[in-house]
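As you go down the protein sequences, you meet chains A and B in turn. Counting in this note's numbering, the first sequence tops out at residue 263, every number present. Counting in this note's numbering, the second sequence tops out at residue 144, every number present.
It should be emphasised that the hints constitute simulated quantities derived from the structure, not laboratory data. The beta carbon of each residue, even a glycine, is placed where N, CA and C say it ideally should be. Just to be clear, a hint being listed does not mean it is correct.
[Said to hold, decoys possible] Computed footprint of chain A on chain B; a stretch qualifies when at least three of its residues, placed anywhere within it, have a C-beta under 8 angstroms from a C-beta of chain A:
# : stretch
1 : 2-11
2 : 98-110
3 : 120-133
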Amino acid sequence: MVQNLQNNEIQPKKLLLLAILAGRTMLKNGAETYRAEDTIERICKSRKGIQHADAFVTPTGIFASLEYNGEMITYFIRVKSSKIDLNIISLVNEFSRQFVNSNMSIDEGLKRLKHINKINNYKTITRSLFGSLACAFFSLLFGGTLMDFISSYMVSLIVLILINKLTEYKITFFLNKFIGAALASILSILSVRLGIGKNMDTIIIASIMSLVPGVAITNAMRDTISGDFLSGLSRTLEAIFSALAIAFGVGVVLNMYFKGVIR
Amino acid sequence: MMLKQMIFAFISSMGFAILYSIPKDSILRSGFVGAMGWMVYYKFSHILNDNIISTFFAAVTVGVLGELFARYYKKPATIFMIPGIIPLVPGAGMYYTMLSLVEKDFNMAANKGTEAFFVAAAISIGLIISTTLSRSIKRVKNKG
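Please build the complete structure, drawing on both the sequences and the hints.
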């Protein structure tokens with residue numbers, strides 16, 4: 001009982017920290033902002049004595065505050081989203097449901113959250129191998145031949161490995177996609193020159209498919225509908241700039257190719 | 001031909017699912033969603049001969065199936081949607097726009113660019129409709 005009284009001041013702070021960490025983990029791995037807001041509010045309100053809890057999440061930062069015993073506590077965290085890992089979003093979702101519905105202690109929750117953060121569902125090489133397989137089958141959807149299939153597999157594998165390396169060095173997404181698209185076009189031209197592939201168009205289209213901003217479009221729309229116009233707008237902008245980066249990357253190489261710089 | 005397209009789209013969506021690291025037990029399901037979306041796209045583009053409207057129907061299909069699966073398996077809906085949406089994104093439109101720009105064929109570039117833009121808009125509207133539908137159903141159910 002004495003322990004409980006002493007912990008009275010610390011407990012709500014820890015709870016808010018846990019909630020914010022859960023939200024940040026989600027946001028970092030490419031969740032929608034309304035999902036992060038929802039998770040934070042749910043986790044805060046699940047414990048007794050919290051009169052009021054609110055969260056404001058944008059794709060780049062989290063503000064959250066809660067009221068306990070007439071005292072307001074507010075935290076702010078800056079978020080730099082780096083990668084897309086849907087498995088972690090799903091795991092945090094499950095975790096928050098468990099935390100809300102059970103009597104889990106906050107320390108236990110923090111421990112579990114840290115563990116979730118470290119989970120790697122697939123190795124990087126597995127992701128690259130299957131991602132390029134997806135691109136290769138995409139070339140078949142666009143009416144490519146077997147040789148196109150093989151060359152787009154090789155091209156997109158190289159592109160994905162390079163992109164992963166670049167992401168480790170924290171290069172901005174614009175340059176990342178620009179370099180990826182340019183490399184994809186160069187390698188496609190090369191593979192046609194070497195006689196491996198046949199249709200240059202199909203190979204380039206298939207290889208840039210791994211770079212297109214599908215996640216940004218989906219999240220932008222889902223955020224906009226739930227009324228988070230700020231995040232909706234910023235994610236739309238991300239999608240537009242990703243598309244521009246890809247288009248410029250392809251365009252630069254094609255321009256050089258038609259002018260005879262690359263042979 | 002139809003079956004071939006379906007199998008290719010299935011494997012392609014599963015590949016994108018692994019690229020974005022979705023939970024292992026959902027790979028087949030999101031592959032199924034992606035295959036259905038591509039099937040709708042393929043069928044409609046044959047009947048209507050129009051990229052934009054067929055992408056719209058495909059996006060609605062992916063959205064509705066994704067929401068249903070999310071409700072049933074208690075997972076975030078994006079897990080099932082993203083692998084299905086990616087094949088619909090107008091990568092080809094972007095490429096052809098750039099190609100015509102480089103070839104200084106500006107009429108063609110405007111043509112292809114507008115189409116690519118409207119295909120992207122069709123995806124957005126399809127997603128908006130399916131998500132709004134599922135949320136209003138949820139709200140009505142919660143009230144009743």
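Going down the list of hints, with the structure as the test:
Taking a C-beta to C-beta cut-off of 8 angstroms, the stretch 2-11 of chain B contributes 4 residues in contact with chain A, enough for the three needed, and the coverage statement holds. Residues of the stretch 98-110 of chain B lying with their CB closer than 8 angstroms to a CB of chain A number 5, which satisfies the three-residue condition for coverage. Given as covered by chain A, the stretch 120-133 of chain B passes the check, having 7 residues with a CB less than 8 angstroms from a CB of that chain where 3 are the minimum.
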